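Visitor: One letter stands for each residue in the lines below.
4 protein chains.
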Amino acid sequence: MTENDQYHERLPLEKVFRDPVHRYIHVQHQLILDLINAREFQRLRRIKQLGTASFTFHGAEHSRFTHSLGVYEIARRICDHFMRSYPTKVPGDGGWDDSERLVVLCAALLHDIGHGPYSHTFEHIFHTDHEKITIDILLSPETEVHQILSKVSPDFPEKVASVIDKTYPNPQVVQLISSQIDADRMDYLLRDAYYTGVNYGTFDLTRILRVIRPYKEGIAFRIQGMHAVEDYIVSRYQMYMQVYFHPVSRGMEVTLDHLLKRANRIYDLPETQFKHSFSLLIPFFEKRFTLEDYLKLDDGVLNTYFTLWRDEQDQILSDLATRFLDRKPFKSVTYQKETDLPIIKKLQGLIQKAGYETDYYTALNNSYDLPYDFYRPNQKSRPAQIELIYPDHTLIELSEASDLVKALTGKQHGDERFYVPKEFLKPHSSSEISLFEPLYQEFTRYIKNGAIYHSDEDK
Amino acid sequence: MTENDQYHERLPLEKVFRDPVHRYIHVQHQLILDLINAREFQRLRRIKQLGTASFTFHGAEHSRFTHSLGVYEIARRICDHFMRSYPTKVPGDGGWDDSERLVVLCAALLHDIGHGPYSHTFEHIFHTDHEKITIDILLSPETEVHQILSKVSPDFPEKVASVIDKTYPNPQVVQLISSQIDADRMDYLLRDAYYTGVNYGTFDLTRILRVIRPYKEGIAFRIQGMHAVEDYIVSRYQMYMQVYFHPVSRGMEVTLDHLLKRANRIYDLPETQFKHSFSLLIPFFEKRFTLEDYLKLDDGVLNTYFTLWRDEQDQILSDLATRFLDRKPFKSVTYQKETDLPIIKKLQGLIQKAGYETDYYTALNNSYDLPYDFYRPNQKSRPAQIELIYPDHTLIELSEASDLVKALTGKQHGDERFYVPKEFLKPHSSSEISLFEPLYQEFTRYIKNGAIYHSDEDK
Amino acid sequence: MTENDQYHERLPLEKVFRDPVHRYIHVQHQLILDLINAREFQRLRRIKQLGTASFTFHGAEHSRFTHSLGVYEIARRICDHFMRSYPTKVPGDGGWDDSERLVVLCAALLHDIGHGPYSHTFEHIFHTDHEKITIDILLSPETEVHQILSKVSPDFPEKVASVIDKTYPNPQVVQLISSQIDADRMDYLLRDAYYTGVNYGTFDLTRILRVIRPYKEGIAFRIQGMHAVEDYIVSRYQMYMQVYFHPVSRGMEVTLDHLLKRANRIYDLPETQFKHSFSLLIPFFEKRFTLEDYLKLDDGVLNTYFTLWRDEQDQILSDLATRFLDRKPFKSVTYQKETDLPIIKKLQGLIQKAGYETDYYTALNNSYDLPYDFYRPNQKSRPAQIELIYPDHTLIELSEASDLVKALTGKQHGDERFYVPKEFLKPHSSSEISLFEPLYQEFTRYIKNGAIYHSDEDK
Amino acid sequence: MTENDQYHERLPLEKVFRDPVHRYIHVQHQLILDLINAREFQRLRRIKQLGTASFTFHGAEHSRFTHSLGVYEIARRICDHFMRSYPTKVPGDGGWDDSERLVVLCAALLHDIGHGPYSHTFEHIFHTDHEKITIDILLSPETEVHQILSKVSPDFPEKVASVIDKTYPNPQVVQLISSQIDADRMDYLLRDAYYTGVNYGTFDLTRILRVIRPYKEGIAFRIQGMHAVEDYIVSRYQMYMQVYFHPVSRGMEVTLDHLLKRANRIYDLPETQFKHSFSLLIPFFEKRFTLEDYLKLDDGVLNTYFTLWRDEQDQILSDLATRFLDRKPFKSVTYQKETDLPIIKKLQGLIQKAGYETDYYTALNNSYDLPYDFYRPNQKSRPAQIELIYPDHTLIELSEASDLVKALTGKQHGDERFYVPKEFLKPHSSSEISLFEPLYQEFTRYIKNGAIYHSDEDK
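Chains as they are written, first to last, in the UniProt record's numbering: chain A, 1 to 459; chain B, 1 to 459; chain C, 1 to 459; chain D, 1 to 459.
Okay, chain A solo, but in the shape it has when bound (with noise of 0.2 Å):
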């Protein structure tokens, strides 16, 4: 296979997609357009960026599709920015080598692609891991993303990956990807937020691309900027606590996981009949799935399961369906690790008298976030710490030049849950409660203002 020239050199005209957040996605080589109407890539329209997210705010219906383009444009637009501003002249001067160009535009445009339906709750049962597949999807020779970029060179899909896994030697290009301010993370804060119709998560993206500089190791921002990237870190913040980790769209992940679960626990039963009614699923019910098996999942056909399942014959499978699909979340309060697990205890006492299995019925969900951290030499996972430069060269990490960073860094920010079934927090009509009054009134006694309340009695 020869390296193919037109792959390199920019398009005579470029292509533009039209996109609420950017106003236009500029597609300029013929790689990239044919890395968008890859099947890999295409499958990302059917699949939620946010997953059960648009359950609670139901303008985010955007799929992984179009948050990957918006990714692969923000990186375009740095490119843009170092080719014309900090060129490299002498190798190994920081400046910026625009045969970079290639491989970051793929790797931003890429990174995802590995990503299957629910993913988070899809892992969890079946022990997939998207990272791994994106890297397979990279590599493997079947898949047209792989035949795709080998047209580049031999050994650029290989460059592809290991920009993803973060072991590429050019840390800026590294950077660019994954950091703590990559343009992963400010294309999904800003895009989540236009769709889910809040302002939290609209920092100035035309600043900080203004500001955006390399430099030796890496990437960082100019001292002038600093406010533009506290900003940044407070929206991001302010998105964790208000949209991904709202408590409903959690008490649908709750249920999905629930609903998995069961399924994949009636599975394996001798008398289930209704295997057909499982089909593109049984190669992971049965742990033996590939990649092939993988690609042909979608949102789309989870729920085409969870529609048959509802008419199962299961109670506990028909039930969890139903609840997922006609969106009828777990409810949740509060509770602290510490202190709470005995009354929650005794709480799960309650509902399984009432009739509810504890294991589908009940669940503990613990959503944290660190917003930003600073490189601490004996934990080698944390990411880059986010760098600012003076004009004389002189660097300073972020949250030494600001308070508000400052009070967000190395700390996990988040809550611990404990779900139920709504009837036992949000009682419907009186004929319901009556079903379960006592009980009903038990369990209120220890629930106030939202969380898990310690009488006296109790302590």
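No lab work stands behind these hints: they were computed from the structure.
On a predicted model such as this, the values are computed, not experimentally measured, just so you know.
It is possible that some hints are incorrect.
As the list makes no split between identical chains, a pair holds if one copy fits it or if it spans any two.
For lysine-lysine, the following DSS-like pairs were computed, each having C-alpha atoms within a straight-line distance of at most 30 Å [unchecked claim]:
no.	residue 1	residue 2
1	K337	K406
2	K328	K296
3	K296	K261
4	K159	K328
5	K328	K353
6	K151	K328
7	K411	K166
8	K448	K216
9	K296	K422
10	K151	K89
11	K132	K406
12	K426	K151
13	K159	K89
14	K216	K422
15	K15	K331
16	K166	K287
17	K331	K296
18	K15	K422
19	K448	K346
20	K15	K159
21	K15	K426
22	K328	K426
23	K422	K337
Given chain A's structure and the hints, the job is docking chains B, C and D onto it.
Guide: Below, chains B, C and D without anything else, positioned relative to chain A:
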């Protein structure tokens, strides 16, 4: 069943849903909340508002659920405005009777509830009718929607149905839901503009909601707001021209149409083995579907069957499924019905010679819209004309007051396109062409500037 | 004087100005920076872009400075786009010659530099001409602007001037600055819409900047962008109808006109004592002003004299100054020139009887705009028509391609209004009316729905 | 004088003013309309909201008039929300008493009416006090504002005044107008963000207006809205850091301050001939001004005198007027009060040597803001802390609930800057430097990364 008071009264505290277009959807009645939570309504989350348009405008992945909430919200705001500014004092004085509020809100919320996946195409192949199904859902005792509506009063479902089929006696109510400037259209123009990222649909809703008013025979607009209404009509025209009739989306629609047509034909063949991979669609292929069958369908269900069909043996079925899933639309040129059909016949011959079955690989597709029309006595089906109202209550029909609207009045706008496999219009690479080079050369002779072209010798 | 290299070369790092409409104004040449900092240009900060319109749309207080930067920025983006996509290769091939960039940018930035305070009205009373003064500023050796431009080359000021007066040989350059769709109009429509808070002006600039292209005879638009151009024309029409011709702003303009007219008359009276309170205006009253005199004027200077005149003895002068400063506009009704002049005469008689000098307390004001026109051979002064261009380079004139534009083509839009003191149209309270109750009753007989009204007896 | 009923009742049809920030300002009482039309209120059109900030952010040319309407509108929306959701039932129950509406609306509209041109600087030089003047305008029988307010009831002007000076008995009313999160601040953050074109100020007003509620001791925010309030505090902090404290605007403020200081000194000199060119300012130079004198001033009046002074003989006066009118700001470096004063003294010496009088050509300028603080018993002047409220009515102070706010609490943010003529920090061209090259070289030794720099030898 007795009437249910809580359904008439306001909730003590309204609930809100974040919405990117209207900021918040305000729910003020338990009835509305219950309808939103009904199974048939939640199903709308799984049906895209714009069908194949998201293949052109990737941002436009929003569902009919989202749109339905928006129509409800606009209707609610209009009711509030009417109640505050134009309350009826004596029956028949042309003012607003706020006891109509509930029926308006329900009709607004539910007007699209009968839509199925890829409605237009699905109806074409399977002869379903989403308007009829909407009425069925409202009136059928099995649906949750019906059961909820019945709690207001036993005849309430029929009232709502009569608003939707325009037989309700109060013309103000009917025109809020269906007229040339109704809550439905106002929401979809704004929403589709927001999600596609084009500007064209963004007329001034706030101003229109200030100048709209009830009068004896329906809804009118104060003359001061003439330019806002004019702008709405122009927006509507622009959205049809630029978004709804986009040739690429129609190329995907043609692909889908031919795919379902092929499946339908194959299904009837005695040798077809793979009927299990049709499951939820069987009632439709066998022309004996129930409302229950219909309510199980959604975009994801259809796409799941396409994924299964992709691996079937029938080459055409498998190829068309692949083209649809991987977004390989047919391409098109415009033609003139009056003069170009002989050339199209010739071109179809060339395509057939190249080995494509023209029934499945070519299509004629015409898209036309009537942006606005005034009432013409002999054309009963036309919607009510838009009336402007002077301070002294004189009326003037919109196109009489606006040159701009007059230019769009009573004329169909759109075009006629001939669709063929992409290879005939945009050869991908030199190797591809060689397969049918002479055919391609001849084909090309008849195309110029994206249209069928008559050279002199053809005339 | 030798040519100055730094003026031709790009700045090592561009400077930006935050702009709410275009996000950033990008300055890439020392020349542009120096022009912005020139005294004559900074003076534009003290002159409102929309004159009296901010009395109607209170948000629209932006200055000509702001607009001028915006025109520059649009011109700059078009140059970038032309340079990237349509560079000239052989002289006369219709491509873009980027050595024209500096002259385009300067003409864009400076095209309005001759404007004075409340231009339209000021010119009407004092017979100044802002277009002539623009040229004077460019060519007069005393101005900073001239001195800066001269550093590029001795004939550069004249080059820039010839672009502005449309005698520059390259039609592409001229049309970018003045045509029916030039950088000036594109900025003011967007900017005025942003600051007034109306939607009507917001056409899709990004799309227009994608489809604009140079050709041999000037500027054209790719046929794919037809609807974006159409939308621009409609926006323009809407802004004129809704904002620029708003009756209240014209009511303030009429007040201002009469105030200056009165001051002019008073100044000449031998008994006028207060000439010191005219100081900076004296050269204009005495019809012997220099460029230097003109450059000292701005909105604040005029308003300062109005504040002084408010305390003067002449009742009419003092009253009109008060009306202007405190925003007490004359009110109006529309009339038909052909038929209503006799009635207007009658109404003026009534107003005179009520004690108002009609010369200062009534006015006829006509505002008309031609939204678009194609070239008509016998009307030399019309601007170049808008051309759309096909892939094979055929041209088609805009109104031939668009029904919507055709509807607006070649027709003046606007209205004719008769202005009178507010008391005659909107009596404030019962006490006020009593002063001239019978006159008012008679006056009112001739008014209906905001227009002069012919009862039968008048015909 | 009797009370005026129309002032308590709603207008039959509300009037609206288009507003780019809030879409519409809704006026529902004749009282409000009359106040807007009052001479003292119209005068606010001629005073910029942000003083010298438009020299940095050219888009921010909006007036105090515009902002005052916005404050009114936010207050109005809060009243509507309180009346609907939290009406008082028994006196003292902590609910909202809607008979407070008129006093709230008037206080909101008029809270800034005492502002003069370039308030901060003007007050510094002439020892005026805009808060005291606001009260004067409300209470002085000569003002139109007073006469209008008195029509409500004879004691109504004093009521409004007591809200503004925080002595009004109902703390809900006082806190709506002045607290750490009041209608005033909410409007100016949003408005200044809109007009400057920065994002930082755009917190989620709609959400805050949903979670704000009255309680016995004032105003609180429902705990669900904690993040929206947090975001408001961060926005406030960001606007101070990025916009209000921008070094360039402060450089213009310093110029203005020195210009007025010079004029003041010159005026007193016996030899000053040109007192006529001070006219409207004379009462201020002579320290004997009346309210009437004050109300004649506005930005344009001051600028007009600067235009006259530009031609005066005193070189410093003429030079500083030119610098201000033509936007030639002093430039600055940051310094540390504790350690850098000796170096500053040295630098001033160099500047003096170069021929600049340091009194007029250098300045120290410190800008600090306290983004938020909770109530500290010993610091009486601090505004009320922000309270969040749980479903069971428990309160929690904001900084206790938010890490982010805690990080900003009780700490002054800002910086200290040393201003000098631009020539010392940014030599314009080689010819310019030569005049004082050695001085400049020495000066430069003490500056690094935009701050005063201590080389070792200086320590």
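Visitor: Hint by hint, note whether the structure agrees.
Guide: Hints, verified against the model:
1. K337 to K406: Result: close both inside a copy and across copies, 26 Å intra and 24 Å inter.
2. K328 to K296: both (28 Å within a copy, 18 Å between copies)
3. K296 to K261: both (21 Å within a copy, 23 Å between copies)
4. K159 to K328: between (45 Å within a copy, 29 Å between copies)
5. K328 to K353: within (21 Å within a copy, 56 Å between copies)
6. K151 to K328: between (49 Å within a copy, 21 Å between copies)
7. K411 to K166: Intra 24 Å, inter 40 Å, cutoff 30 Å: intra-copy only.
8. K448 to K216: Close across copies (22 Å), not inside one copy (54 Å); limit 30 Å.
9. K296 to K422: Answer is between: at 25 Å across copies they meet the 30 Å cutoff, but 34 Å inside does not.
10. K151 to K89: Answer is within; shortest intra-copy Cα gap is 29 Å, inter-copy 32 Å.
11. K132 to K406: Neither. Shortest intra-copy (34 Å) and inter-copy (41 Å) distances fail the 30 Å Cα cut-off.
12. K426 to K151: between (59 Å within a copy, 21 Å between copies)
13. K159 to K89: Close inside one copy (23 Å), not across copies (38 Å); limit 30 Å.
14. K216 to K422: Classified as neither; 55 Å inside a copy, 33 Å across copies.
15. K15 to K331: between (47 Å within a copy, 16 Å between copies)
16. K166 to K287: Close inside one copy (29 Å), not across copies (56 Å); limit 30 Å.
17. K331 to K296: The answer is between: 26 Å across copies meets 30 Å, while 33 Å in one copy does not.
18. K15 to K422: Cα proximity of K15 and K422: across copies only (17 Å, versus 50 Å in one copy).
19. K448 to K346: within (16 Å within a copy, 65 Å between copies)
20. K15 to K159: Within one copy, since 25 Å is at most 30 Å while 37 Å is not.
21. K15 to K426: Answer is between; shortest inter-copy Cα gap is 14 Å, intra-copy 52 Å.
22. K328 to K426: within (12 Å within a copy, 49 Å between copies)
23. K422 to K337: Answer is within: at 22 Å inside a copy they meet the 30 Å cutoff, but 60 Å across does not.
Hints 11, 14 from the earlier list are contradicted by this structure; the remaining hints agree with it.
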